[in-house]
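Trainee: Taken in order, these protein sequences are the chains called A and B. Per full-length UniProt numbering: the first sequence = residues 1 to 157. Per full-length UniProt numbering: the second sequence = residues 1 to 157.
Simulated from the structure, these hints should not be mistaken for lab results. Be careful, since some hints might not be right.
The list makes no distinction among identical chains, and a pair is therefore deemed to hold if it is satisfied within one copy or across any two copies.
With a straight-line cut-off of 27 Å between C-alpha atoms, the simulated BS3-like cross-links for lysine-lysine are [what the hints assert, rightly or not]:
no. : residue 1 : residue 2
1   : K44       : K119
2   : K119      : K2
3   : K44       : K2
None of the values given here were measured: they were computed from a predicted structure.
2 protein chains.
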Amino acid sequence: MKLPVSTEWVLHCAATLAQLEPGGTASAAQLAEYFDLPAPYLAKQLQALTRAGVFNATTGPRGGFRLARPAAEVTLLSIVEAVDGAASPYECREIRQQGRGAAPPEDCREPCVLARTMKDAHDAWRRSLDGVTLADILARLPEAAPGRTRARLGQGR
Amino acid sequence: MKLPVSTEWVLHCAATLAQLEPGGTASAAQLAEYFDLPAPYLAKQLQALTRAGVFNATTGPRGGFRLARPAAEVTLLSIVEAVDGAASPYECREIRQQGRGAAPPEDCREPCVLARTMKDAHDAWRRSLDGVTLADILARLPEAAPGRTRARLGQGR
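Whenever a hint applies, use it, and build me the whole structure from the sequences.
Mentor: Set out below in structure tokens:
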């Protein structure tokens with residue numbers, strides 16, 4: 001069970017955008033340089049975040065990405081699921097209904113109890129990430145971090 | 001984020017062994033036929049469960065697999081992690097320390113707050129599966145299921 005490496009990228013990019021002044025943006029090229037990441041692949045992930053409504057993309061010479069909502073309204077779950085989808089990692093192929101042990105149809109009207117239990121666990125994972133916003137993350141960064149982030153992205157006051 | 005299809009296999013095999021009479025066993029070939037699964041690949045998974053101490057393997061003409069502990073002491077987490085490992089699906093490659101935005105070393109003595117948040121979610125997933133045992137699963141099966149399972153595996157009284 002693995003999330004793609006780009007999960008770390010988009011979480012850090014989102015946390016970076018959350019540190020900019022209101023209205024500030026950062027381009028895919030800037031963010032790629034900021035974290036030393038492959039720009040074309042990162043750009044695809046940032047576009048997925050935009051399609052999911054987590055980022056806004058602006059065009060023009062000073063265009064780039066910014067959060068579509070205040071940091072306190074952007075959960076880590078929304079970021080992770082924008083690039084990895086919301087599907088449970090457990091796939092139920094209904095093997096209870098196949099082979100010599102196939103359960104009778106009347107016992108299979110409800111989802112399999114094992115699939116339900118795995119779904120409960122996935123729901124617990126989702127609730128955990130739904131309970132943390134980018135504002136919570138920023139509150140746990142060192143005090144000097146946001147100023148440094150803005151300065152290095154050329155957005156100091 | 002995907003678990004292997006064999007996760008469903010081992011959960012159902014474990015639940016099946018939990019329905020046998022005390023001391024009863026089922027072989028890899030029996031379980032493969034029971035669920036119409038590829039026997040060699042299933043056998044590898046069952047061996048992983050044995051190495052992890054979830055199953056015992058007995059040899060001889062009536063040999064096979066059985067639970068190493070009472071069903072009430074076998075958690076779904078122990079089964080899933082026996083075949084998929086206990087690693088978090090989120091991989092932190094410390095991109096906070098690379099590129100133009102690299103955080104200073106003194107800010108990186110603690111694990112990254114994003115990695116900690118992702119670990120919290122994985123811990124929530126693990127706690128959920130650690131709170132459900134095979135005995136809980138059996139209690140939620142239709143009343144007739146265990147007798148049918150034993151009969152079809154040639155272990156009726």
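Trainee: So which of the earlier hints does this model not fit?
Mentor: none
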